[in-house]
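Novice: Work out the full structure, taking the sequences as your base and the hints as a guide.
Each chain, letter by letter, is given below.
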Amino acid sequence: KQEVTQIPAALSVPEGENLVLNCSFTDSAIYNLQWFRQDPGKGLTSLLLIQSSQREQTSGRLNASLDKSSGRSTLYIAASQPGDSATYLCAVRGRGSTLGRLYFGRGTQLTVWP
Amino acid sequence: SQTIHQWPATLVQPVGSPLSLECTVEGTSNPNLYWYRQAAGRGLQLLFYSVGIGQISSEVPQNLSASRPQDRQFILSSKKLLLSDSGFYLCAWSPDRVGEQFFGPGTRLTVL
Numbered sequence: 001k002q003e004v005t006q007i008p009a010a011l012s013v014p015e016g017e018n019l020v021l022n023c024s025f026t027d028s029a030i031y032n033l034q035w036f037r038q039d040p041g042k043g044l045t046s047l048l049l050i051q052s053s054q055r056e057q058t059s060g061r062l063n064a065s066l067d068k069s070s071g072r073s074t075l076y077i078a079a080s081q082p083g084d085s086a087t088y089l090c091a092v093r094g095r096g097s098t099l100g101r102l103y104f105g106r107g108t109q110l111t112v113w114p
Numbered sequence: 115s116q117t118i119h120q121w122p123a124t125l126v127q128p129v130g131s132p133l134s135l136e137c138t139v140e141g142t143s144n145p146n147l148y149w150y151r152q153a154a155g156r157g158l159q160l161l162f163y164s165v166g167i168g169q170i171s172s173e174v175p176q177n178l179s180a181s182r183p184q185d186r187q188f189i190l191s192s193k194k195l196l197l198s199d200s201g202f203y204l205c206a207w208s209p210d211r212v213g214e215q216f217f218g219p220g221t222r223l224t225v226l
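Those protein sequences? They're chains G and C, same order as listed. Counted from 1, the first sequence has number 78 at position 78 by my numbering; the numbering is strictly sequential. Quick note, my numbering runs 114 ahead of the 1-based positions in the second sequence.
Hints were generated in silico from the structure; no laboratory data involved. Nothing here was measured: the structure is a model prediction, and the numbers come from that model.
Straight-line C-alpha distance at most 20 Å; calculated EDC-like pairs for lysine to aspartate or glutamate:
1) G/Lys68 <-> G/Glu56
2) C/Lys193 <-> C/Glu136
3) G/Lys42 <-> C/Asp199
4) G/Lys1 <-> C/Glu173
5) G/Lys42 <-> C/Glu136
6) G/Lys68 <-> C/Glu214
7) C/Lys194 <-> C/Glu136
8) G/Lys42 <-> G/Asp84
9) G/Lys42 <-> C/Glu214
Specialist: Following this line, the structure appears as structure tokens:
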């Protein structure tokens, strides 16, 4: 069974720092990987989707990389701002019999203070 | 553009009462639809998914059921709520089984 782990569970940094959030998964046979952001009491907002054939995706100050063979993905946030404070979730989509199913990590709770 | 709606936003129900949560998607046709539950300390749990009208797959045996009476409508139900049904319920859609998944605003359910 696919297991997704996110490290660290929580992170608190001053404004302006560059950050790296980590995600690891146990089964490298994935179709793609998706990063989400969740604000308290809200639904999930999709940030980036990386296909298994891709190495990275960028959107604004966010850059996500994928190393499928080692079962790892990182989300890089440049020049962090207080508005980036949220929980960031990583999810991988399985192949074969589990095609379409997303497996989620528990998330990294990020606090950026001014 | 596509939007996804859920209602109600919050709900407080007594143990043993029925439940009906609704999710609708606009701006797309034949979406894949999903129900998740997010409980404190347990992460996101997939409850049901649907690839078409009347086609429901259950991921976890439990006190809940789902139905898809229309192409863009997904309903989560229970005949008798348990305390353990409390949580944050999220509906999501994707254009197909491998596409990007988009989430609704969620329903906070408290069972007393």
